[in-house]
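Novice: Could you build the full structure based on these sequences and the hints that come with them?
As you go down the protein sequences, you meet chains G and Z in turn. Quick note: the first sequence uses my numbering, first residue -4, plus one each step. Quick note: the second sequence uses my numbering, first residue -4, plus one each step.
The set of hints was computed from the structure by calculation and includes no laboratory data. Please read all numbers here as calculations on a predicted model, not as lab measurements. Mixed in with the good hints there might be a few duds.
Given that identical chains are not distinguished, each listed pair holds provided it fits within a single copy or across any two copies.
Said to hold, decoys possible - Under the rule of at most 27 angstroms between Cα atoms (straight-line distance), these lysine-lysine pairs were calculated in the DSS-like manner:
(1) LYS205 - LYS122
(2) LYS155 - LYS168
(3) LYS48 - LYS79
(4) LYS102 - LYS155
Protein chains: 2
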Amino acid sequence: MTVVLSLKNKKVAVRMKAVSAAETGENDRRGRKASKETRRQQLIEATIDSLAKRGYAETTLADVADGAGLSRGIVNFHFESKEKLLIATLQFMADEYAAHWNAALEKAGEATSSKVWALVAADFDRKICTKRKLAAWCAFWGEAKSRPTYQALCGARDVKYQDLIVALCAQLKAEASYSYDAETIALALSAMMEGLWFRLMMGDGLTREKAHAAAVEYLVTVFPGHMTHQGPK
Amino acid sequence: MTVVLSLKNKKVAVRMKAVSAAETGENDRRGRKASKETRRQQLIEATIDSLAKRGYAETTLADVADGAGLSRGIVNFHFESKEKLLIATLQFMADEYAAHWNAALEKAGEATSSKVWALVAADFDRKICTKRKLAAWCAFWGEAKSRPTYQALCGARDVKYQDLIVALCAQLKAEASYSYDAETIALALSAMMEGLWFRLMMGDGLTREKAHAAAVEYLVTVFPGHMTHQGPK
DNA sequence: ATATATTGAATGAATATTCAGCAAGTATGT
DNA sequence: ACATACTTGCTGAATATTCATTCAATATAT
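Specialist: Have a look at this one:
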């Protein structure tokens, strides 16, 4: 009903094209099928892609939107700002990571050694340990020091995780009277896993399997009474 | 009577004093005395500051110029572009790091164990291992995967370093017939040191000393025939 | 019909880059 | 000594670019 200026005729023509192009193919992404939550998730995935491919500094909303096959303004509609999209993305990865190691802990046996083994294995699981996700983590790490919000979510292994590792190491020490300080060993172990992640991300031909093997070697060496190369005793 | 130039708020005042400053002892930075190389170095230091303080994404040429107490156009005059300034900065840090561990290796004794000990100690030396520099490294890490130029310089421990560590581990193994695979141990060791760096940078109250102690604990455990907590045997 | 999701052009803010000009030094001529 | 032209480091306003954000128009679903 609203009357349009002369210039707008062009615009309309352009839009018509875009629409008909959209109708032809993909129902899944185009069309209005997607729920709000689905669309948010789709945008988060596109953000991880962009972070992995281009790094934090080069990640633009345009790239995210393109990656999701949607239009330019879409992010500001579903998230309020770029900043909020990035925080939601980081939050998602942190939640996923935490859920993953918690699940691994559930499935592990009662024995302390089984728990430690399971936690280490979880870190090198295909689901978590992909180049794509490691690269996205690393993109955030680079910015974390100067942004409290990121820092809180980025201590990839958060306080709860770190406390757990320390407690488990202390338990192992008590069981077999190893001589080392539990906190020191726990620090060394988790630092090593982070370093292995980092190397995987940088991708010098290091594989997940080799990285896991290095971590296992460490376990066997430090906890000889509890671990073998094949698994916990 | 000396001119103080630490406060950026007084930019105008400082600029005015350029003339009189030349007369005083301040001619190192102000005035026209600074050689091209000196000025480049000054700008590189300001860049490290900015990276450490604001992260890669938030580092602007304006901030670098302000940090150096110079004018806006200065970076494009001495370096050609922002990109080239950043590469020069990374190159500087990589050179400094390499020079540092090479020097440590020189000073170390002939024994293989002394060399390994020295390399580990070098990584946690005050000169290299400051929060400022670790933060700058981390800023580059985040971007490295998507930029070949950075990636080449960022494998903080480069090919030469990695080969050296592997060779030393193999040597120790031969001397005392440890059972592990030298490459695996070398990987674990260097990954752990990188992880410790990372944690120091994130700064959860971890100190250089504690980090070094964790690395030493590892050496003692893995090479019991060669190492003690106090040093190589 | 109304509400909701989506589009994409327009806007504006941030910031890298350019460049004409200034000033401090230096060389040459008188 | 002094003057003149020339070089070099530097400045900062102007320009160009990139990109997040906004919003009116439009499409789709209920």
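Novice: If a hint holds in the structure, say so; if it doesn't, say that too.
Specialist: Okay, the hints, checked on the actual structure:
no.	hint	in the structure
1	LYS205 - LYS122	within (17 angstroms within a copy, 33 angstroms between copies)
2	LYS155 - LYS168	within (20 angstroms within a copy, 37 angstroms between copies)
3	LYS48 - LYS79	both (20 angstroms within a copy, 21 angstroms between copies)
4	LYS102 - LYS155	within (18 angstroms within a copy, 42 angstroms between copies)
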